[in-house]
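J.: Below are the chains, spelled out letter by letter.
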Amino acid sequence: MSIDMQQFHGVFFEESHEHLEEMEQLLMELDLESPDVEQLNGIFRAAHSIKGGSGIFGFDALTSLTHVIENLLDKARQGSMQLDVAAVDTLLGNVDTLKMALHSYSTDEPIDWEKINLDIEALEAILKPKDAEVEEADEGFGFFDNPIQQEEESFGFFEPLESDQPKGKSNKPAPKKTVKKTATKAKPKAKNKAASKGKASTTEKNKTDEDDDGFGFFEPLPEEKKLEQSNESVKKTAPVRKSVPTKSSKPKVSPVSKESSTIRVDTTKVDTLVNLVGEIVITQSMLSLISEEVEGAITERLQSAITELERNTREIQEAVMSVRMLPMSFVFNRFPRVVRDLSGKLGKKVELIIEGGTTEIDKGLTEKLVDPLTHLIRNSVDHGIEKTEDRIAKGKSEVGVVKLVAEQTGGSISIQIIDDGAGLDRENILDKAREKGLDVDDSFSDKQVWNLIFAPGFSTAKAVTDVSGRGVGMDVVKRNIESIGGKVEIESTPGEGSSFNIRLPLTLAIVDGMCVSVGEQVFVVPLVNIIESIQPTKEQVKFMSNQRLLWIRDEYWPILALHETMNIDDAISDPIVGVVVLIESSNKRFGILVDGLAGQQQVVIKSLEKHYRRVPGVAGATIMGDGSVALILDVESLSSYVDLEPIKIEA
Amino acid sequence: MKQQNNTSDEEQDSTEAKEFLSFILGEEHYALDIMSVKEIRGYEAVTKIANAPPFIKGVINLRGDIVPIVDLRLKFEVGKAVYDEFTIVIMLNIADRIVGIVVDGVSDVIKLKEDEIRPPPEFGVAFDSRFLLGLAPLDDQMVILVSIESLISSEELGLFDTKKNLGQE
Numbered sequence: 004m005s006i007d008m009q010q011f012h013g014v015f016f017e018e019s020h021e022h023l024e025e026m027e028q029l030l031m032e033l034d035l036e037s038p039d040v041e042q043l044n045g046i047f048r049a050a051h052s053i054k055g056g057s058g059i060f061g062f063d064a065l066t067s068l069t070h071v072i073e074n075l076l077d078k079a080r081q082g083s084m085q086l087d088v089a090a091v092d093t094l095l096g097n098v099d100t101l102k103m104a105l106h107s108y109s110t111d112e113p114i115d116w117e118k119i120n121l122d123i124e125a126l127e128a129i130l131k132p133k134d135a136e137v138e139e140a141d142e143g144f145g146f147f148d149n150p151i152q153q154e155e156e157s158f159g160f161f162e163p164l165e166s167d168q169p170k171g172k173s174n175k176p177a178p179k180k181t182v183k184k185t186a187t188k189a190k191p192k193a194k195n196k197a198a199s200k201g202k203a204s205t206t207e208k209n210k211t212d213e214d215d216d217g218f219g220f221f222e223p224l225p226e227e228k229k230l231e232q233s234n235e236s237v238k239k240t241a242p243v244r245k246s247v248p249t250k251s252s253k254p255k256v257s258p259v260s261k262e263s264s265t266i267r268v269d270t271t272k273v274d275t276l277v278n279l280v281g282e283i284v285i286t287q288s289m290l291s292l293i294s295e296e297v298e299g300a301i302t303e304r305l306q307s308a309i310t311e312l313e314r315n316t317r318e319i320q321e322a323v324m325s326v327r328m329l330p331m332s333f334v335f336n337r338f339p340r341v342v343r344d345l346s347g348k349l350g351k352k353v354e355l356i357i358e359g360g361t362t363e364i365d366k367g368l369t370e371k372l373v374d375p376l377t378h379l380i381r382n383s384v385d386h387g388i389e390k391t392e393d394r395i396a397k398g399k400s401e402v403g404v405v406k407l408v409a410e411q412t413g414g415s416i417s418i419q420i421i422d423d424g425a426g427l428d429r430e431n432i433l434d435k436a437r438e439k440g441l442d443v444d445d446s447f448s449d450k451q452v453w454n455l456i457f458a459p460g461f462s463t464a465k466a467v468t469d470v471s472g473r474g475v476g477m478d479v480v481k482r483n484i485e486s487i488g489g490k491v492e493i494e495s496t497p498g499e500g501s502s503f504n505i506r507l508p509l510t511l512a513i514v515d516g517m518c519v520s521v522g523e524q525v526f527v528v529p530l531v532n533i534i535e536s537i538q539p540t541k542e543q544v545k546f547m548s549n550q551r552l553l554w555i556r557d558e559y560w561p562i563l564a565l566h567e568t569m570n571i572d573d574a575i576s577d578p579i580v581g582v583v584v585l586i587e588s589s590n591k592r593f594g595i596l597v598d599g600l601a602g603q604q605q606v607v608i609k610s611l612e613k614h615y616r617r618v619p620g621v622a623g624a625t626i627m628g629d630g631s632v633a634l635i636l637d638v639e640s641l642s643s644y645v646d647l648e649p650i651k652i653e654a
Numbered sequence: 028m029k030q031q032n033n034t035s036d037e038e039q040d041s042t043e044a045k046e047f048l049s050f051i052l053g054e055e056h057y058a059l060d061i062m063s064v065k066e067i068r069g070y071e072a073v074t075k076i077a078n079a080p081p082f083i084k085g086v087i088n089l090r091g092d093i094v095p096i097v098d099l100r101l102k103f104e105v106g107k108a109v110y111d112e113f114t115i116v117i118m119l120n121i122a123d124r125i126v127g128i129v130v131d132g133v134s135d136v137i138k139l140k141e142d143e144i145r146p147p148p149e150f151g152v153a154f155d156s157r158f159l160l161g162l163a164p165l166d167d168q169m170v171i172l173v174s175i176e177s178l179i180s181s182e183e184l185g186l187f188d189t190k191k192n193l194g195q196e
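Chains as they are written, first to last, in my numbering: chain C, 4 to 654; chain V, 28 to 196.
Rather than coming from a laboratory, the hints here were simulated on the basis of the structure.
Since the structure is predicted, the reported quantities are computational estimates derived from the model, not experimental observations.
Glycine included, each C-beta is placed from N, C-alpha and C at the ideal position.
A few of these clues could be false.
Restraint ranges, calculated between C-beta atoms of paired labels, are given here [what the hints assert, rightly or not]: (1) E182/V <-> L441/C: 33 to 43 Å; (2) G628/C <-> E66/V: 19 to 29 Å; (3) M289/C <-> P146/V: 43 to 53 Å.
With a cut-off of at most 30 Å between alpha-carbon atoms, the simulated DSS-like pairs for lysine-lysine come out as follows [unchecked claim]: (4) K545/C <-> K450/C; (5) K613/C <-> K65/V; (6) K75/V <-> K613/C; (7) K65/V <-> K272/C; (8) K138/V <-> K107/V; (9) K366/C <-> K390/C; (10) K371/C <-> K490/C; (11) K118/C <-> K450/C; (12) K371/C <-> K397/C.
Full structure from sequences and hints, please.
T.: Laid out in structure tokens, this is it:
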């Protein structure tokens, strides 16, 4: 039993989290001058869903806060109250508080009631003065109150907690006439709703009907359960009013069809599917290898069948992979809030433009992108965009623009964070680098200078703010992005702005690799790390203190013999006979000596740690077309075997 | 699963017989709890792992899982580590992991009651007595019962990431 409840909790937490995200997003989008009723409804619905669920599970903190939020939103969507910036700020703060409380409930930590109560007070402060007006204005509509009050009551049914204060005083024992005046507060909703939807003409005739309609209309989507129950309780109380028709079940139709279009699936199930499909792909390529050996009349038929199979498996693989894909907006949607809060704090005017939110990316990657992207965006707003006065002085538009662009290019995703701010300060960075004792030179190319900001502990901010400047950021950003197989590059033009370009693989499960052979074994080198592969001439190979160096591209590259690192016999040990693959890791550039190249292909990454353990120099394993296992090299950890930096010689 | 094995290993009633899979290493007969056995297959080419001890032959592809293969003959210096068409790999399911062990042959499934198992000797077999459950007579031979779970997850084999071998890296 308790296990069952736990299961529901999980779903509730997950859904509530989504609702909160939605609330936040809609609040950000809300046009305060002329709020869109649909948006307000969306926010209301999200809050309401959380309230309903939390009521059932007894998460009082959530229930009580969402209840007050609901009251406020309800006023707003009726148009009886205008939300201003301060109110939206409060609501955004509430969203944070709710997230916090949600987290506390999900981890069994104590609830910060103080914060909850503060939030409730703040909301009630916004609500208070308006209440009076509303009461005043709507007295005449007492006629409508009963049905509505019933509705309120049916909601009350689900939150019999302390959260009732604001309305509890007005409509305690539901019944009729006596509450007419006091209950006005509980809303002139039906009338307003109906009017706003142009249904006013029918209001008089069938008010309860109208009310139910309106009710359904405004809360359609995700809450059929609650709706159902509340409808039930409306029915129960119906005899009091005699005239409640039971057609209130009508609005359930649309929610059902909407809900069934998506299902919630455990990611492990999807992963299993991905793995199994990988198996089919391998089996299929084994089959086609075998089919080449088959002789006789059936060869052609067999091969055409296998070609068919190949196409089908590729399609299955793509389809299954697409299940793991999420639109980039899952990550991007939090940034308007970040920029809003930050620009407010810094007193800058910043506009965030998001493009390519529909670009799809592997779910595993989205989670790991949030932190680095947040950091880069904060950086752009804090360091990139100048103060408003400076911008005016420079003849730029007063409002700084930060652009977040995602697009898919071939097998990778590119994400750019572009600002139209001051650009990076070359001299400043070089000075700072010298101060830090880094080996720098004025002749460094711009690109080399920009890359200095990725060094640990590097910050060019003149003053450390609570926003950024502590220098713990960019190296982490770079490391995070590299950990998911990506790369960051910086472009910057003084006075015009900077652009941080991130390139990521489409998915974590697949890597583009170059297969290299060493002795009898095959290794896969991730393509992102490869600069080029060459067959050195005798003149290019130099020696320095027993270390072989390769002279190419005006640099001496240390050579790492893979067969030595990996303990493989019968491999080529002379660079002139073999092939050297030039590699760039995050901090070193070197060449690895292999016997030969065995072709480029996309490989599915399998974990070695699942059944074995971490192996130095190896990032994982993959299964080749013939069913054998090949190890995927981890360039970062291989670079620790190289103790020389490439040496650049000035021309 | 793991839980089950533990209780049955240690304290279960002595009347109920447990099943063991017996296998051969060199000249000696061993047996392990059949509940840890996933499957038995022939030896196939492995992919070597750099800088691993010699008894870790490498990894193979077991239907999409990358699984390490351990040659117990090399580890315990019994018999000769030859690989031919008769070489057998027992795939084990231990602590949610899959590990293959190379043996010279698999002979039988034997049923043993608790009171048929004698305590292990302190010396005389290749296995450390920590990894032994006991000895049991079988026909006119002796079978050495191996506590396969503690053997495979031991630090000595270094198959799993432990603090110790991570520190070494």
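J.: Each hint needs a verdict: does it hold in this structure or not?
T.: Hints, verified against the model:
For E182/V and L441/C, the Cβ-Cβ distance of about 41 Å falls inside the hinted range of 33 to 43 Å, so the restraint holds. Between G628/C and E66/V the C-beta distance comes to about 24 Å, which sits within the given range of 19 to 29 Å. At about 50 Å, the CB distance of M289/C to P146/V agrees with the hint of 43 to 53 Å. At most 30 Å may separate the alpha-carbon atoms for a hinted pair to count; K545/C and K450/C meet this at roughly 28 Å.
For the hint pairing K613/C with K65/V, the CA-to-CA distance comes to about 16 Å; that is within 30 Å, so the pair holds. Only pairs whose Cα atoms come within 30 Å are accepted, and K75/V paired with K613/C is accepted, the gap being roughly 17 Å. Simply put, K65/V and K272/C have alpha-carbon atoms about 22 Å apart, close enough for the 30 Å limit, and the pair holds. Between K138/V and K107/V the alpha-carbon distance is near 29 Å, which keeps this suggested pair within the 30 Å criterion.
With a CA separation close to 37 Å, the supplied pair K366/C and K390/C exceeds the 30 Å bound. This hinted pair checks out: K371/C and K490/C have alpha carbons roughly 14 Å apart, not beyond 30 Å. At roughly 47 Å between alpha-carbon atoms, K118/C and K450/C are farther apart than 30 Å, so this suggested pair is violated. For the hint linking K371/C to K397/C, the alpha-carbon distance of about 37 Å lies beyond 30 Å, and the restraint is violated.
Comparing the model with each earlier hint shows violations of hints 9, 11 and 12; every other hint is respected.
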